[in-house]
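Start from chain R and add chain Z according to the hints.
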Amino acid sequence: MAQEMTGADMVIEALADQGVEHIFGYPGGAVLPIYDALFQQDKVRHILVRHEQGAVHAAEGYARSTGKVGCVLVTSGPGATNAVTGLTDALMDSIPIVCITGQVPTHLIGNDAFQECDTVGITRPCTKHNYLVKTIADLPYVLHEAFYVASSGRPGPVVVDIPKDIQFAKGTYFKPKDFQHKGYKPKVKGDLERIKQAIALMRTAKRPVFYTGGGVINSGPHASQLLRELVKLTGFPITSTLLGLGAYPAADPQWLGMLGMHGTYEANMSMHDCDLMICVGARFDDRITGRVDAFSPRSKKIHVDIDPSSINKNVKVDVPIVGDCAHVLEDMVRLWRTTSATIDKKGLKAWWNEIEKWRARKSLAYRQSNELIKPQYAVQRLYELTRDRDVYITTEVGQHQMWAAQFYHFEEPNRWMTSGGLGTMGYGLPASVGVQLAHPNSLVIDIAGEASVLMTMQEMSTAVQYRLPIKIFILNNQYMGMVRQWQELLHGGRYSESYTEALPDFVKLAEAYHAVGIRCSKPGDLDHAIREMIDVPKPVIFDCVVDPAENCFPMIPSGRAHNEMILGDAAEKIDEAVTEEGKVMV
Amino acid sequence: MTQQPGSAYFLDDAKPLAETRTLCVLVDNEPGVLARVIGLFSGRGYNIDSLTVSETEHQKHLSRITIVTRGTPMVIEQIKNQLDRLVPVHRVVDMTAVGPAIERELAMVKVRGKGELRVEALRLGDAFRARVIDATIESFVFEITGNSGKIDQFIELMLPLGLVEVSRTGIVAISRGPEGM
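The listed protein sequences correspond, in order, to chains R and Z. The first sequence begins at 42 in my numbering and counts up one residue at a time. The second sequence begins at 60 in my numbering and counts up one residue at a time.
Here chain R stands alone, though its shape is the one from the complex (with noise of 0.2 Å):
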């Protein structure tokens, strides 16, 4: 059905054509019109932020805790070049954003106008396709092209950026039923003989690995039951990635616990020993592989991912499936249903029993202190505080996010959003915003570092402002707690930079923004203190002050291999454990 009408409004018809309730937006000059048509329509709800990166993150919580595509308004110039952070961040870590700018009129175009800069130039490497529209009979098509774009193959960020002329101008408006792409169609179906090999391969494997990934969350709550499905019938060990826990219940006696630089002992081990790997969305990630030439030698392996240009891009793999993961997750668990061979029952067991050792080592083991909290002891309690609930959990970046990678647990998918790809600080206070947003009744906590959380401060006042009850749970260490972590094994513990003099008082900075702070610093006080902080019915800033000297540990030391791990008690040996090759990287 056609309808005439503005630029603008066409860009509010799309929005609620494609089922967008919220979008995360600042305005500015070269947005007016749409901000315009927003105020005169009770069909999309716009959340103002208070800096366009943080409008990004937030449409990030969003889409991460609902399997939505997440939207975001900005202005041009200025607006568009704060959003390329949370682009970047959506584009590595895959997350379906729409982003619409506003430009400087056509005819502006190129004359380095007020607040103009070259949007599609600045983004087209941190987007997965952007789009400048120059023509209005070009905008309904583009706009549902760019949802499409956004949500299917391997999702990812796409900016759509509309000249202020074209947001007046009057044209014909179609709705997405009638709309189809031309060209780009991402093939979902794995390739059957190639999932008949994989399923030949796990039959015969007497030390197999699951190793899972993002993917798997991307590709819905479907193909996280299908993987528990295939998991419990094969009785085969998984563990995840950062960004795929969840996927499978962290509760469960086959879970290893998450893999890479600060995975578990049992995880990386499993992975280096193993015989057969099964990744099923994850892309063998430098945090995960270590060392390269060193990574997984004897195993086959397995790479089922959406993306072909994720193959064989670090790690050579023997049989390569490019799908979806619940298609091929569907296929493998239909095939070994109906497959009639055995499995190896006893080389499995021989493998379980060394997993076993493994996991006694107890990797995540710390020293306990009765004087000063604990970072991992102050994640381990607002886990038990909060188990019961229906939380969701966002994170920074830093020792902090990895603690609670490590230490809280996750059940379900879509329950954990943490920057994992682009590293950003500053993440998860706004994607807190964008999941109490999607989840108003949800206790919705971010594991916070103290310099992380100054990064994106100001978006407190947008919890504030729509009574977003998001609570702020700040390890603070005064470090820069990772930065310092490499400084002490790397750099002769020279901590160039990395402690922060004049940290603000959290508490009065809370209460700043007219939210409720509360401080912390004995490890016998912190139960009640976060019984408190979860009754509170406001947005909530906890200032947990933890042991300044405590590192994150397990290791696997920059150019090691998996079974080179640093385990906690090994501290003392750490300087060592780097080669001189290894200190060149990141």
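Simulated from the structure, these hints should not be mistaken for laboratory data. There may be inaccurate statements among the hints.
Keeping only pairs whose Cα atoms sit at most 25 Å apart, straight-line, the calculated SDA-like set for lysine to any residue is [to be verified]:
1. R:Lys228 with Z:Ala156
2. Z:Lys139 with R:Asp334
3. R:Lys357 with Z:Val112
4. R:Lys175 with Z:Leu85
5. R:Lys403 with R:Ala291
6. R:Lys226 with Z:Asp153
7. R:Lys226 with Z:Gln118
8. Z:Lys139 with R:Val356
9. R:Lys226 with Z:Glu116
10. R:Lys226 with Z:Asp143
11. R:Lys228 with Z:Asn140
12. Z:Lys119 with R:Pro227
13. R:Lys175 with Z:Glu116
14. Z:Lys119 with R:Pro217
15. Z:Lys169 with Z:Asn140
16. R:Lys230 with Z:Val152
17. R:Lys357 with Z:Lys139
18. R:Lys223 with Z:Val112
19. Z:Lys119 with R:Ala178
20. Z:Lys139 with R:Tyr189
21. R:Lys228 with Z:Thr228
22. Z:Lys139 with R:Ser350
23. Z:Lys119 with R:Asp232
24. R:Lys223 with Z:Thr228
25. Z:Lys139 with R:Ala178
26. R:Lys226 with Z:Asn140
27. R:Lys226 with Z:His120
This is chain Z only, laid out in the frame that chain R set:
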């Protein structure tokens, strides 16, 4: 496993393994598409030895990009997959891999000289089946088509005969036989 680099941070160019490939990329003829392709190459550190672009199917708004690139088999595979996932890219064909493809380049070569040198330039031009497309008393412009090696050779020969400048199109390629891309 021997082909794995030691670490993502110490990727050598692995020169002994690098091979040259010609890729044909069918793309939507829309603004920015070339920037996307070139940005991909520079952003990911791939080589471009030669690049040509032109609209080839006006009705369907399709352009054809021919890229000559170098890399290890693993990198070449990456380049193809990375290109293929760009939204406006319809197809990527590795002309070197699909079989013996025909590659051609066109060059215009300006030579200035008098007397014996001039005669020699004309004679060589004839031998290379180069056409004279502009002439003055003291200069020629040759148009020469062929594979890159032939053109290189011609240019080298013109050097001592008064070579002034060269303009080359870069390589275009098409597969042999009845099948299209």
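Consistency of the hints with the structure:
For the proposed pair R:Lys228 and Z:Ala156, the alpha carbon gap of about 23 Å is at most 25 Å, so the pair holds. Annotation: proposed proximity of Z:Lys139 to R:Asp334 holds, straight-line Cα distance about 24 Å (limit 25 Å). Note on R:Lys357 and Z:Val112: the hinted pairing is violated, with a Cα-Cα distance of about 33 Å set against a maximum of 25 Å. Annotation: proposed proximity of R:Lys175 to Z:Leu85 holds, straight-line Cα distance about 23 Å (limit 25 Å).
Among the hinted pairs, R:Lys403 with R:Ala291 is consistent with the structure: their alpha-carbon atoms are about 16 Å apart, no more than 25 Å. A distance of roughly 21 Å separates the Cα atoms of R:Lys226 and Z:Asp153; the hinted pair therefore holds under the 25 Å criterion. Between R:Lys226 and Z:Gln118 the CA atoms are separated by roughly 21 Å; this keeps the pair inside 25 Å, and the hint holds. Annotation: proposed proximity of Z:Lys139 to R:Val356 holds, straight-line Cα distance about 17 Å (limit 25 Å).
Distance hint between R:Lys226 and Z:Glu116 is fulfilled; the C-alpha atoms sit about 21 Å from each other, no more than 25 Å. A distance of roughly 11 Å separates the Cα atoms of R:Lys226 and Z:Asp143; the hinted pair therefore holds under the 25 Å criterion. For the suggested pair R:Lys228 and Z:Asn140, the alpha carbons sit about 13 Å apart, so the restraint of at most 25 Å is met. As the CA atoms of Z:Lys119 and R:Pro227 are separated by approximately 21 Å, the hinted pair is consistent with the 25 Å bound.
A C-alpha spacing of about 23 Å is found between R:Lys175 and Z:Glu116, which places the hinted pair at or below 25 Å, so the restraint holds. About 23 Å separates the Cα atoms of Z:Lys119 and R:Pro217, which keeps this hinted pair within 25 Å; it holds. This hinted pair does not check out: Z:Lys169 and Z:Asn140 have alpha carbons roughly 40 Å apart, beyond 25 Å. Distance check on the hinted pair: R:Lys230 and Z:Val152 sit about 22 Å apart at the alpha-carbon level, within 25 Å; holds.
Between R:Lys357 and Z:Lys139 the CA atoms are separated by roughly 16 Å; this keeps the pair inside 25 Å, and the hint holds. For the suggested pair R:Lys223 and Z:Val112, the alpha carbons sit about 21 Å apart, so the restraint of at most 25 Å is met. The hinted pair formed by Z:Lys119 and R:Ala178 meets the criterion: a straight-line CA distance of about 18 Å does not exceed 25 Å. For the proposed pair Z:Lys139 and R:Tyr189, the alpha carbon gap of about 23 Å is at most 25 Å, so the pair holds.
For the suggested pair R:Lys228 and Z:Thr228, the alpha carbons sit about 36 Å apart, so the restraint of at most 25 Å is broken. Under the criterion of a C-alpha separation no larger than 25 Å, the hint pairing Z:Lys139 with R:Ser350 is consistent with the structure, at around 8 Å. Proximity of Z:Lys119 to R:Asp232 is assessed by CA-CA distance (about 30 Å); at most 25 Å being required, the pair is judged violated. Between R:Lys223 and Z:Thr228, the direct Cα distance comes to roughly 31 Å. Violation of the 25 Å bound is thereby established for this hinted pair.
For the hint linking Z:Lys139 to R:Ala178, the alpha-carbon distance of about 33 Å lies beyond 25 Å, and the restraint is violated. Using a Cα cut-off of 25 Å, the hinted pair R:Lys226 and Z:Asn140 holds, with the two alpha carbons roughly 14 Å apart. Taken as a hint, the R:Lys226 and Z:His120 pair is honoured in the structure, with Cα atoms around 18 Å apart against an allowance of 25 Å.
Figure legend: structure checked against the earlier numbered hints; hints not met, in rising order: 3, 15, 21, 23, 24 and 25.
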